[in-house]
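Trainee: If you want the building blocks of each chain, they are given just below.
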Amino acid sequence: MTVWEKLRPYSMVAPSIIIFSMFFIYPIFYMIYLSMFDWNFVSPTKTFVGLQNFKELLLDADFRQVLSNTTIYTLLTVTLTTGLALMLALWLNRKGVFHAFVQGAIFSPHIISLVSISLLWSWLMDPEYGLLNWAIGLLGFGKLEWLSHPSTSLVSLVIVAVWKGVGYNTLVFIAGLQSIPKDIYEAAALDESKPWTTFMKLMLPMLSPTIFFLVIINMIGSFQVFETIAIMTQGGPINSTNTLVYYIYEYGFRFFKIGYASAAGVILLGIVGILTIIYFKLLSKRVHYR
Amino acid sequence: MKAANETVGIPAKGAVIGGSMTVVRKKQAAWKTAVNVILQAANVICLLALVLIFALPFVWMISTSLKTMPETMIFPPEWIPSNPVWHNYIDAWNTGPFLKYFTNSVIIAVGILILQMATIIPAAYAFARYQFAGSKLLFGVVMVTLMIPAQLIFLPVYLELSALKLLNTHLGLILPFASSAFGIFLLRQAFMQISEELIEAARLDQASEWKIIARVMVPLVKPVLVTFTLFSFIAHWNDYFWPLVMTTNETARTLPLGIAKIREVEGVATWNILMAGNLILVAPILIVFFFSQRQIIRAFVYNGVK
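First to last, the protein sequences are chains A and B.
Going by this note's numbering, the first sequence opens with residue 1, and the numbers climb by one from there.
Going by this note's numbering, the second sequence opens with residue 1, and the numbers climb by one from there.
So that you can see chain B by itself, here it is in the shape it has in the complex (with noise of 0.2 Å):
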């Protein structure tokens, strides 16, 4: 951009000069514009052809979701079905108890953010303003816990909840998560930003400490309580491998498990159904991916930077 408009000022400025200018320069400087405006072109061209490569999926996503069985067995394939199927939706959800898995999507993801609300901005206080003894060592069990990914433990921690007899409970599924080290960990450093003489004011008012906490601290860590919300719900609902290994039958599963049984259900080629499914899992989060873009970038981005 910048280099383009440099060169387009060269003519103008030679204009200003006068008669200084020999007709060789200007044909060059024509040249180098006309360049210019090639290179920009296709700079153009290969961005889109970039957003061609992760839209188009999404978008054939769609299209086989609308299509008659036969229909998705063309090749070369057709992009938009003669007759669009919407009925496929229908068939996708009554696959199984969908509305079912729907609720205790639901109750999984908001039943861990409240958890974690309850649990971190509490323990990132402590971590973040005063000192006690062993705050070291305990602040060390968050940073291991950070460290550990689910994927690792299942096991154990499946052994664990069957003896708790949390199998196949929604408390089985939300316990595990209701802290979250990596909350505690960005909470705190956000409290420790905060300067110490807003607090001693507050302390001078004769507030109680939670007061001071739920009414002057929380309020200016407002912005990181969202970030963690977008990042801990959308974490929570998209979850595939924790549900699936906590449970032995429906009565807990979430939508994540219900898509990937319509194959089951339906039979392998059955892809118009299967596709409707995953619409129905995809696009609420890509709704609030389009109107919270910005917000959701930075909580996903720039916390894993810092």
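So that you can see chain A by itself, here it is in the shape it has in the complex (with noise of 0.2 Å):
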């Protein structure tokens, strides 16, 4: 082997290893470094503070109400969509082109810019003329302000991110039935099991490496949402809607208080990284149990 030859493979790696190390692996470093310090980015002097930002943090009104704002989002967030792409799996699995066109219907949100999706339904939301609480009217409800309420908006956001999120999760359980071999379907009609011993007793535990992925990748993306608060409600009304990564662009992007900002940043990275692991644990365990 020519001294080329031993090279080759590290050559060909090292384009990708070299910008994953820039832009993903330093700058988490980077960021822990930083919330040890108070700097507003202008000043040429960073201000040693140990763990004062994270001190500080804790003990803001402020941020405990983002820190529940984010994990109430994420749990009925998680949940709803979870749970309703489950049924609606359930119920979609079928061939022909009659449901692959309903399922592609409730799929299409997924692909949609997340800025469509929140202006789209600023508007159905909308307190005066909205077609939302046009639709609740023809059920017979009274008005509501959505957004604009303090004790509405959140759940308004997290059934705009059950709409987009619920056709992609149901597909994804339509994958994982399609997965579960056939015959053991037949072995269950053939002991005359009931439709719900069938599913509790062997559905269920067959789906559930497809339930824990769902549930992980849900609870990831929930606690990073950005872009709809940013567009929908600006963390208001009242802090209501105000969730962690709002919170962290807000405090490094308008008050320009680098250190403070990176400290929740490194709060939301703990948060990420526990669901990563407990992921990665359990995704071991059951590939050594099969």
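Calculated directly from the structure, the hints in this document are not laboratory data.
Just so we're clear, the structure is a prediction, and the values are computed from it rather than from any experiment.
Quick reminder that beta carbons are idealized off the backbone N, C-alpha and C, glycines included.
Be a bit skeptical, because a hint or two may be false.
Which chain A residues face chain B? A few, computed with CB under 7 Å, are given here [as the list claims (entries may be wrong)]:
hint, residue
1, V3
2, L7
3, P27
4, Y30
5, P195
6, G252
7, G265
With a straight-line Cα cutoff of 27 Å, these simulated DSSO-like cross-link-like pairs (lysine-lysine) come out [unchecked claim]:
hint, chain 1, residue 1, chain 2, residue 2
8, A, K164, A, K95
9, A, K143, A, K201
10, B, K211, A, K6
11, B, K136, A, K281
From the two separate chains plus the hints, produce the assembled complex.
Mentor: Below you can see the structure in the form of structure tokens.
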């Protein structure tokens, strides 16, 4: 083997590894470093403050609300999206042109820009002339203020997220359902097992890797919600929809408190990191088990 | 479907057996068929209602985009504007430098895609086909990157790009995505499935490694490359967050930012202009989706699973 042949694999992976190190790996460490400083971005000197930023963050009532908003938003979005998607998948898991059309229709919001979806839903949820108030009016309900009232704003954002995500989740479930071997159903039918029993004892366990995959990626995604908030509510009214990434964005780019924003970023990193580790731990267990 | 056919089949079977079937059983069979027909119809109606939940917002967007402003303020709303105002699209386009936004979007999405192809193919091939010291560690870097979302690290990357004088440039928006951990991961799987004999045969022909990759391996993984292309292009065409954070003026801003800005230019209540602009952004993607629905769904769904 010549030297060149030995070096070849390294030269092939080098461009990618350099990009990843520069724009993904190094920034993580840089952010952790920055979180321990007081810096306004313009001043030439950074002041070391240790863990002061974290202390301030945790004492800040606004930040605590941001954390609770983000958690409530995530739990609602993930439960509703995954639960509805599983039901829809059981219903729509059939071949044929019509079902393919229905599947395509519910999937379509997934490939639309979040900007479009946010603008469209701001209009649908308009308190005066919005289509949604007209639709609930048909069902006999009074007008709602949706995004403009702190008691409904966060739930309104959850509705948008579920509308966007449920189709994708459904199709992933359908893919999971189709990977279950057919003879298992036949065996269950021979045993005259009831549909509910077949679902609980057979399909649900077989689907558990899919459920798990979706719950985790939905959680990681929801914890980073930004676009809908930036366009639809700007964190308001009265901080009721302010979430982690939007908070970091505002502190970094509006108030120029880089160290403080970085500390909030480190907390988000911790949350996403823990979720990711849980995912891989359980994933490897499953692989062993099989 | 299946159940309905089976029950429909019962009277037919009875007819073959002849007189053995009583009138009562015939009635029962007819009753069962009727119930099934009703259930089928109910199912179709529910399916259509489901489609409406996802289609009506888009129809509403088109309808609004063709209204005058006073027409948007009628409640209960009207679905079909009496005099479609096509001029709204021109008004939306004229709220900002839209030709520039559009060109920027194309340059950035295509630029990212070309660089990604150039970086992920060799990297994926090396990870799939060569054994080299440190390959596990380097692949670990890929896997960690796969798990780091851009939303997490925008602040330090902004400072980095600012230090490199790359803010407000196309290159600044392209470079962080010049390779894709997801792409490497997908392609590596595909390369690993190609049989060793095929490569040995090509090697015997004295073909160089690069030639083997370009002429033999890449054509074999073409479906995966198509999948990745759709995935990458749609993701970066739609992206709002990254260009928003990494630009401070109009020079490198993209279409989604321009659309979101209509609201600031035109005021909050001009929903007709806003929806017209929105349609300019959505229409290309929806048209592409209409024609390549199966590939797109495969690109997003089946690769998500494995």
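Trainee: Check each numbered hint against the structure and report the violated ones by number, ascending.
Mentor: Of the numbered hints, 1, 2, 5 and 9 do not hold.
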